Amino acid sequence: MLSLSSTELNYLVFRYLHESGFTHSAYAFGFEAGIDKSSIDGNVVPPGALVTFLQKGLQFLELEADLSSNSDAEMEEDLSFLQPLDLITKDAYQLQKMVREKKDRMNATANERNASKEESGRENGREVEEERRDKEKEEEEDGDDKLEKDREQEIGKVEEKTHEEDCNLMEKLEPEENETSGGVEPMDITPISTSLPFEIPSRDLTVLEGHTSEVFACAWSPSGSLLASGSGDSTARIWTIADGSCGSSMQNEPANVAVLKHFKGRANEKSKDVTTLDWNGDGTLLATGSYDGQARIWSKDGELKTTLTRHKGPIFSLKWNKKGDYLLSGSVDKTAIVWDIKSGEWKQQFEFHSAPTLDVDWRNNISFATCSTDTLIHVCKVGENQPVKTFSGHQGEVNAIKWDPTGTLLASCSDDYTAKIWSTKQDKYLHDLKEHVKEIYTIRWSPTGPGTNNPNQQLVLASASFDSTIKLWDVEQGRLLYSFDGHRDPVYSVAFSPDGEYLASGSMDKCMHIWSVKEGKIVKTYTGNGGIFEVCWNKEGDKVAACFANNIVCVMDFRM
Numbered sequence: 001m002l003s004l005s006s007t008e009l010n011y012l013v014f015r016y017l018h019e020s021g022f023t024h025s026a027y028a029f030g031f032e033a034g035i036d037k038s039s040i041d042g043n044v045v046p047p048g049a050l051v052t053f054l055q056k057g058l059q060f061l062e063l064e065a066d067l068s069s070n071s072d073a074e075m076e077e078d079l080s081f082l083q084p085l086d087l088i089t090k091d092a093y094q095l096q097k098m099v100r101e102k103k104d105r106m107n108a109t110a111n112e113r114n115a116s117k118e119e120s121g122r123e124n125g126r127e128v129e130e131e132r133r134d135k136e137k138e139e140e141e142d143g144d145d146k147l148e149k150d151r152e153q154e155i156g157k158v159e160e161k162t163h164e165e166d167c168n169l170m171e172k173l174e175p176e177e178n179e180t181s182g183g184v185e186p187m188d189i190t191p192i193s194t195s196l197p198f199e200i201p202s203r204d205l206t207v208l209e210g211h212t213s214e215v216f217a218c219a220w221s222p223s224g225s226l227l228a229s230g231s232g233d234s235t236a237r238i239w240t241i242a243d244g245s246c247g248s249s250m251q252n253e254p255a256n257v258a259v260l261k262h263f264k265g266r267a268n269e270k271s272k273d274v275t276t277l278d279w280n281g282d283g284t285l286l287a288t289g290s291y292d293g294q295a296r297i298w299s300k301d302g303e304l305k306t307t308l309t310r311h312k313g314p315i316f317s318l319k320w321n322k323k324g325d326y327l328l329s330g331s332v333d334k335t336a337i338v339w340d341i342k343s344g345e346w347k348q349q350f351e352f353h354s355a356p357t358l359d360v361d362w363r364n365n366i367s368f369a370t371c372s373t374d375t376l377i378h379v380c381k382v383g384e385n386q387p388v389k390t391f392s393g394h395q396g397e398v399n400a401i402k403w404d405p406t407g408t409l410l411a412s413c414s415d416d417y418t419a420k421i422w423s424t425k426q427d428k429y430l431h432d433l434k435e436h437v438k439e440i441y442t443i444r445w446s447p448t449g450p451g452t453n454n455p456n457q458q459l460v461l462a463s464a465s466f467d468s469t470i471k472l473w474d475v476e477q478g479r480l481l482y483s484f485d486g487h488r489d490p491v492y493s494v495a496f497s498p499d500g501e502y503l504a505s506g507s508m509d510k511c512m513h514i515w516s517v518k519e520g521k522i523v524k525t526y527t528g529n530g531g532i533f534e535v536c537w538n539k540e541g542d543k544v545a546a547c548f549a550n551n552i553v554c555v556m557d558f559r560m
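For the record, in the sequence shown the residue sitting at position 528 is 528 according to full-length UniProt numbering, with numbers rising by one throughout.
Read the hints as simulated data drawn from the structure, not as lab findings.
Errors might be hidden in some of the hints.
[As the list claims (entries may be wrong)] Quick list of simulated restraints, FRET-style, between CB atoms: (1) F198 with E476: 29 to 35 Å; (2) F198 with T390: 34 to 40 Å; (3) K342 with D41: 38 to 44 Å; (4) E351 with F198: 28 to 34 Å; (5) V45 with G302: 41 to 47 Å; (6) S20 with G302: 27 to 33 Å; (7) F198 with V382: 44 to 50 Å.
[Said to hold, decoys possible] Straight-line Cα separation of at most 20 Å, EDC-like style, residue types lysine to aspartate or glutamate; simulated pairs: (8) K402 with D278; (9) K323 with D374; (10) K510 with E8; (11) K264 with E303; (12) K389 with D340; (13) K402 with E345; (14) K438 with D499; (15) K434 with D415; (16) K319 with E351; (17) K539 with E476; (18) K438 with D427; (19) K438 with D415; (20) K510 with E209; (21) K434 with D499; (22) K312 with D499; (23) K97 with D36; (24) K539 with E101; (25) K389 with D374; (26) K261 with D36; (27) K381 with D415; (28) K322 with D340; (29) K438 with D509; (30) K300 with D333; (31) K518 with D489; (32) K425 with D404; (33) K402 with D361; (34) K342 with D374; (35) K261 with D204; (36) K97 with D41; (37) K261 with D243.
Note that the structure is a prediction, hence the values are computed from the model and not measured.
We put the CB at the ideal spot given by N, CA and C, even for glycine.
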């Protein structure tokens with residue numbers, strides 16, 4: 001009887017979550033299941049292994065029922081002809097053929113032994129019977145071959161149809177109706193053809209290669225042409241991006257890139273994934289957070305300055321305060337830590353959540369907020385031993401939190417399909433934004449309104465969801481402005497251009513779209529070869545970077 005150990009099953013579940021883009025769930029599950037301590041070599045486990053295993057299980061059950069209908073004993077006998085590798089590499093039709101051939105060979109051998117004991121006069125009859133059996137076998141094989149060819153042709157038709165559908169960039173886009181308030185109605189967005197000029201051409205694209213696993217995070221330096229990326233290959237990289245247009249160039253290590261290794265010697269599978277990164281305000285230092293629970297601080301040249309060790313679980317979020325003297329980290333170990341950069345030591349650990357801390361964000365230089373899978377949001381202050389404010393109202397995990405540019409309003413998004421806007425002046429949320437129909441993964445404030453470089457423009461909030469849409473919200477009235485419906489799979493990242501006029505979005509459908517905030521439509525798009533985990537703009541607003549699940553980072557010129 002074949003068996004699957006709990007360790008092997010846990011690894012397959014971990015890989016499924018990881019490959020499907022459920023990053024938080026994958027890290028939390030991997031940490032609790034001790035995946036980093038597993039002896040399983042992840043390099044030999046193919047992508048989609050869990051799904052394949054389940055599909056094979058269903059085929060196996062079907063095969064089990066088809067092969068023998070007489071008794072359990074005969075069924076067990078049929079299954080004894082198969083090996084574990086056969087179940088993984090062959091479908092039910094091929095397995096049926098294998099069993100029949102092996103049974104025929106076994107029966108033929110048994111018949112030959114029995115025939116030797118029979119009278120010589122029955123030899124002719126045995127030969128006739130064998131000829132008849134061989135003929136039936138050949139006819140059966142021909143039938144199986146024809147069936148297999150028919151199945152292959154049918155699969156080819158389905159794949160061709162799927163390919164044709166994927167090549168159509170978008171279906172007609174329709175904004176969601178605002179049922180609860182009046183004012184400006186969401187703008188109609190017209191269908192777009194892939195032949196139109198908004199497709200970003202290869203001459204405006206630079207592909208950065210070097211990572212050997214998914215690239216989860218990317219961030220431009222606020223002071224120069226440096227782009228940082230963090231990957232599941234246990235490294236971060238700092239790329240020097242040449243001024244001017246990108247061109248159809250390929251940048252490979254070691255030229256123009258510093259490799260920031262998060263391990264010494266051989267890296268243990270998944271133990272040192274770079275999960276998050278953030279530049280300080282003047283772009284001189286880069287902080288990285290890792291699955292091993294350590295935060296590291298690097299120079300802009302890639303030199304390791306400090307390793308910060310106190311967390312007991314993967315770090316999901318890492319943020320510098322504006323002044324640059326404190327670094328804030330949030331971890332699966334349920335805590336947040338403020339680190340004193342000058343001393344290289346932890347200043348204070350905040351242990352207020354009852355479940356993993358998913359995101360952290362500074363309000364000012366000494367006050368910040370944290371959110372967790374426990375559905376709560378805490379506002380904390382350096383030096384205080386209790387939260388100065390706690391927001392409760394979400395019914396699911398709170399995935400992300402962001403203070404507005406003035407530090408007055410706090411936005412949050414959750415697995416309960418809602419985003420909410422909070423004020424420290426009251427306990428209940430100011431607005432409950434309910435238009436999404438699946439989990440909301442992330443949110444971003446526009447760099448507009450009071451306290452920004454664009455004070456005369458309206459402040460808006462963008463939310464990105466697993467329902468494949470991005471929604472823009474009027475934060476004063478709490479109403480929907482636009483619903484951007486151009487993606488076909490979960491949207492993991494959104495980023496506003498520095499002038500607030502454009503919004504970039506990245507999705508598991510492998511597409512990056514750039515939207516006009518004013519017109520509510522796509523103005524540029526790029527389709528890669530892997531899901532997109534994060535998008536970001538450089539400080540000038542003329543380049544957009546995106547990091548992909550197929551191990552690459554792309555930098556695209558943006559000109560209107």
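Hint check results:
1. F198 with E476: 29 to 35 Å: holds, 31 Å
2. F198 with T390: 34 to 40 Å: violated, 45 Å
3. K342 with D41: 38 to 44 Å: For K342 and D41 the Cβ distance comes to about 42 Å; the hint holds.
4. E351 with F198: 28 to 34 Å: violated, 49 Å
5. V45 with G302: 41 to 47 Å: The hint (41 to 47 Å, Cβ to Cβ) is violated, given that V45 and G302 are roughly 31 Å apart.
6. S20 with G302: 27 to 33 Å: This hint holds: roughly 32 Å between Cβ atoms.
7. F198 with V382: 44 to 50 Å: Distance hint for F198, V382 holds at roughly 46 Å.
8. K402 with D278: holds, 15 Å
9. K323 with D374: violated, 30 Å
10. K510 with E8: violated, 30 Å
11. K264 with E303: holds, 15 Å
12. K389 with D340: Not satisfied, since the Cα-Cα distance of roughly 23 Å exceeds 20 Å.
13. K402 with E345: The given pair, whose Cα atoms are some 26 Å apart, is violated under the 20 Å limit.
14. K438 with D499: Measuring from Cα to Cα gives roughly 30 Å; hence the hint is violated.
15. K434 with D415: holds, 12 Å
16. K319 with E351: Holds, at about 18 Å.
17. K539 with E476: violated, 27 Å
18. K438 with D427: violated, 26 Å
19. K438 with D415: holds, 7 Å
20. K510 with E209: Given that 20 Å is the threshold and the Cα spacing comes to 17 Å, the pair holds.
21. K434 with D499: With Cα atoms ~28 Å apart, K434 and D499 exceed 20 Å; violated.
22. K312 with D499: Violated, at about 40 Å.
23. K97 with D36: violated, 41 Å
24. K539 with E101: violated, 67 Å
25. K389 with D374: Since the Cα atoms of K389 and D374 sit roughly 16 Å apart, the hinted pair holds (cutoff 20 Å).
26. K261 with D36: holds, 17 Å
27. K381 with D415: violated, 27 Å
28. K322 with D340: holds, 14 Å
29. K438 with D509: With a Cα-Cα distance of about 16 Å, the restraint between K438 and D509 holds, given a limit of 20 Å.
30. K300 with D333: Status violated; Cα separation ~29 Å.
31. K518 with D489: The hint is violated at about 24 Å.
32. K425 with D404: Holds - the C-alpha atoms of D404 and K425 are around 15 Å apart, at most 20 Å.
33. K402 with D361: holds, 6 Å
34. K342 with D374: With a Cα-Cα distance of about 33 Å, the restraint between K342 and D374 is violated, given a limit of 20 Å.
35. K261 with D204: violated, 30 Å
36. K97 with D41: violated, 32 Å
37. K261 with D243: violated, 27 Å
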